[in-house]
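Asker: Note that the protein sequences, when read in sequence, are chains A and B.
Numbering of the first sequence is given in the working numbering, commencing with residue 72 and proceeding in unit increments.
Numbering of the second sequence is given in the working numbering, commencing with residue 72 and proceeding in unit increments.
Bear in mind the hints are in silico, worked out from the structure with no lab data behind them.
Using N, Cα and C, we set each Cβ at its ideal position, and we do this for glycine too.
The reader is advised that the hints may include incorrect statements.
Output of the computed footprint for chain B on chain A, the stretches with three or more beta carbons under 8 angstroms from beta carbons of chain B [as the list claims (entries may be wrong)]:
# : segment
1 : 84-91
2 : 110-116
3 : 155-163
4 : 168-178
5 : 183-189
Where chain A lies over chain B, by a calculated footprint (3+ residues, C-beta under 8 angstroms) [claimed, not checked]:
#  : segment
6  : 106-112
7  : 170-180
8  : 189-200
9  : 205-218
10 : 306-315
2 protein chains.
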Amino acid sequence: MHEFELINRLKPLLPANDFVVHGAGDDCAVLDLGDPTAHTLFKTDAVVEGVHFTPDADPEQVGHKAIARCLSDIAAMGGRATAAVVTLALPPGRDAAWSEGVYRGLCRTAALHQVAIVGGETTTNPGQALISVALLGRVARNQAILRSGARVGDAILVSGELGGSIAGRHLNFEPRCDQGGWLATTGLVHALIDLSDGLAGDLRHLLAASGGLGAEIHSTALPISRIARLRAREGDLAKPALLAALTDGEDFELLFTVAASDAVRIMDGWRERFPTTRISCIGRVTPGPNVQLRDKTGIRQMPPAGYEHFRGES
Amino acid sequence: MHEFELINRLKPLLPANDFVVHGAGDDCAVLDLGDPTAHTLFKTDAVVEGVHFTPDADPEQVGHKAIARCLSDIAAMGGRATAAVVTLALPPGRDAAWSEGVYRGLCRTAALHQVAIVGGETTTNPGQALISVALLGRVARNQAILRSGARVGDAILVSGELGGSIAGRHLNFEPRCDQGGWLATTGLVHALIDLSDGLAGDLRHLLAASGGLGAEIHSTALPISRIARLRAREGDLAKPALLAALTDGEDFELLFTVAASDAVRIMDGWRERFPTTRISCIGRVTPGPNVQLRDKTGIRQMPPAGYEHFRGES
Numbered sequence: 072m073h074e075f076e077l078i079n080r081l082k083p084l085l086p087a088n089d090f091v092v093h094g095a096g097d098d099c100a101v102l103d104l105g106d107p108t109a110h111t112l113f114k115t116d117a118v119v120e121g122v123h124f125t126p127d128a129d130p131e132q133v134g135h136k137a138i139a140r141c142l143s144d145i146a147a148m149g150g151r152a153t154a155a156v157v158t159l160a161l162p163p164g165r166d167a168a169w170s171e172g173v174y175r176g177l178c179r180t181a182a183l184h185q186v187a188i189v190g191g192e193t194t195t196n197p198g199q200a201l202i203s204v205a206l207l208g209r210v211a212r213n214q215a216i217l218r219s220g221a222r223v224g225d226a227i228l229v230s231g232e233l234g235g236s237i238a239g240r241h242l243n244f245e246p247r248c249d250q251g252g253w254l255a256t257t258g259l260v261h262a263l264i265d266l267s268d269g270l271a272g273d274l275r276h277l278l279a280a281s282g283g284l285g286a287e288i289h290s291t292a293l294p295i296s297r298i299a300r301l302r303a304r305e306g307d308l309a310k311p312a313l314l315a316a317l318t319d320g321e322d323f324e325l326l327f328t329v330a331a332s333d334a335v336r337i338m339d340g341w342r343e344r345f346p347t348t349r350i351s352c353i354g355r356v357t358p359g360p361n362v363q364l365r366d367k368t369g370i371r372q373m374p375p376a377g378y379e380h381f382r383g384e385s
Numbered sequence: 072m073h074e075f076e077l078i079n080r081l082k083p084l085l086p087a088n089d090f091v092v093h094g095a096g097d098d099c100a101v102l103d104l105g106d107p108t109a110h111t112l113f114k115t116d117a118v119v120e121g122v123h124f125t126p127d128a129d130p131e132q133v134g135h136k137a138i139a140r141c142l143s144d145i146a147a148m149g150g151r152a153t154a155a156v157v158t159l160a161l162p163p164g165r166d167a168a169w170s171e172g173v174y175r176g177l178c179r180t181a182a183l184h185q186v187a188i189v190g191g192e193t194t195t196n197p198g199q200a201l202i203s204v205a206l207l208g209r210v211a212r213n214q215a216i217l218r219s220g221a222r223v224g225d226a227i228l229v230s231g232e233l234g235g236s237i238a239g240r241h242l243n244f245e246p247r248c249d250q251g252g253w254l255a256t257t258g259l260v261h262a263l264i265d266l267s268d269g270l271a272g273d274l275r276h277l278l279a280a281s282g283g284l285g286a287e288i289h290s291t292a293l294p295i296s297r298i299a300r301l302r303a304r305e306g307d308l309a310k311p312a313l314l315a316a317l318t319d320g321e322d323f324e325l326l327f328t329v330a331a332s333d334a335v336r337i338m339d340g341w342r343e344r345f346p347t348t349r350i351s352c353i354g355r356v357t358p359g360p361n362v363q364l365r366d367k368t369g370i371r372q373m374p375p376a377g378y379e380h381f382r383g384e385s
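Bound-form chain A, shown alone:
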């Protein structure tokens, strides 16, 4: 069963209480733990050897990836990460240097973002290593930006460049922590998500959460990464660069919507604060439910999410 299907079937089972502001279903949960000025964000995520990294990957990069994925989720709510706990599940006999390398990566990235690591369990996982991180964050009360606030006519913006992350960037990407925190302070962002499954999939998640809206994306406005363009030239089995930008996973960029009338203001503010991180306006929200791709030749349906798996790519 697909992850989203399972989560949707299980969601009605999940118990709630008075601490819950927003439960499962967004990038993070939002809790009210009694701080009169802030809400708490809560997220967990795991990376698995052979699935999210190869056995020969640099353990420091593995540690970085394990926590940076969660940092990206906190950023995707407009929050700031505060404290993490880690479970390292290791095959018997895995050498201590590997674990220490993972921890060095975890600690360096946590320290860079002023995040404390306050617990580190280890357990056994025969076959392959697994690193599970749970992360807390902080956001001003009622300023968390959900996936579900997009409105018809909104401009759709995306940070950075898309596609080809598998060539290496998935291990050393920079989570958009400062950018997410800044977006929340503007008060102008209607809906926000981070790109983990690829633009085609995550845009659909945002639109579905916003009541089943649609979108029109301009192909020529998509910020296709250099590596996706290079990989597209590798032969007749290579994935076209546009398709890679739309469907490759693990970009960990921010995708968000603002009123069309605020788009220029947001882009100007972004470029002033984050001059080295690209920001692109790639389309607009429509009444839906169609998600379409427009170029000079006309309008097409957006390719399905996860299309790359059917081509046997990773």
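Put chain B on the given structure of chain A with help from the hints.
Answerer: Okay, now just chain B, sitting in the frame of chain A:
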């Protein structure tokens, strides 16, 4: 490398910040997230198929165990659990009914203790299922009970009965949530830990955290479980019941110390509130570092923790 060794080597690496009241090293971390009346507890723990449960275990009991282990850690700080997130890592092809069973167990136990489940990720873990739970709790400011507060002369108390958990109780034990919360309100408890590795090991953890103290335990006062006694009669390869009570893991009872002059008051208060949960005074804290076992024949050293592993038991 042994878990405790690894954690001790890594602890100095872990970044901290102003949110941290007590970082890694106790049953939970203690955080100050801005609530003027309370601190936040934070814990993560994982159970792995073939390590913490067998493939034929009832999935609802597996879900119960996954969250109850964390609930026991919150209780062992004197706190109340508030919200959990869950990562379910599954081998490809694991049927949906199994995952739903695990979630039913997680949700039932969470609901019983008024805990919200606010996030549920799934990922792939080839070979065996792994369930990672991260749990938040709440404790009145500066009332969290650490492992490190034991004093020479303290009485040592333990809840419930010890030993033989592997026969089934490890899958359906009742975490001592109400008892832990009540202990914190008394203001009389000096040090508190939950028994996950067995009394001999966890008592040593508490004494080491309290500055290298020792203890004298009275064999005849130990609350040995009926199942440990039954298993001891199974033949000449069976583990003696006293050894089982001292070294079997996964009892998930509370072990704590109070001033000797408060011991009777605490035991009376406990029995009034929790008439079905046994409480035993099993010995006293000494200047140490020896941890000794006293019976009518004299004084012996406490057997080492994890002794059972050398006999090939699970």
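Asker: All hints are to be evaluated individually against the structure, with a verdict given for each.
Answerer: Structure-based check of each hint:
1. Counting residues of the segment 84-91 of chain A whose CB lies closer than 8 angstroms to any CB of chain B gives 7, which reaches the minimum of 3, so the coverage claim holds.
2. Under the rule that three or more residues need a Cβ within less than 8 angstroms of chain B, the assignment of the segment 110-116 of chain A holds, with 5 such residues.
3. Chain B is given as covering the segment 155-163 of chain A, and this holds because 4 residues of the stretch bring a CB closer than 8 angstroms to a CB of that chain, at least three being needed.
4. For the segment 168-178 of chain A, the stated coverage by chain B holds: 5 residues have a C-beta nearer than 8 angstroms to a C-beta of that chain, and at least 3 were required.
5. With 5 residues having a Cβ less than 8 angstroms from any Cβ of chain B, the segment 183-189 of chain A passes the three-residue criterion, so the hint holds.
6. Using a Cβ-Cβ cut-off of 8 angstroms, 5 residues of the segment 106-112 of chain B lie near chain A, which meets the minimum of three, so the contact claim holds.
7. Three residues within the 8 angstroms Cβ limit are the bar, and the segment 170-180 of chain B against chain A gives 5, so the coverage statement holds.
8. Three residues within the 8 angstroms Cβ limit are the bar, and the segment 189-200 of chain B against chain A gives 11, so the coverage statement holds.
9. Given a C-beta distance limit of less than 8 angstroms, the hint that chain A covers the segment 205-218 of chain B holds, as 3 residues qualify and 3 suffice.
10. Check result for the segment 306-315 of chain B against chain A: violated, 0 residues qualifying (beta carbon to beta carbon below 8 angstroms, three or more required).
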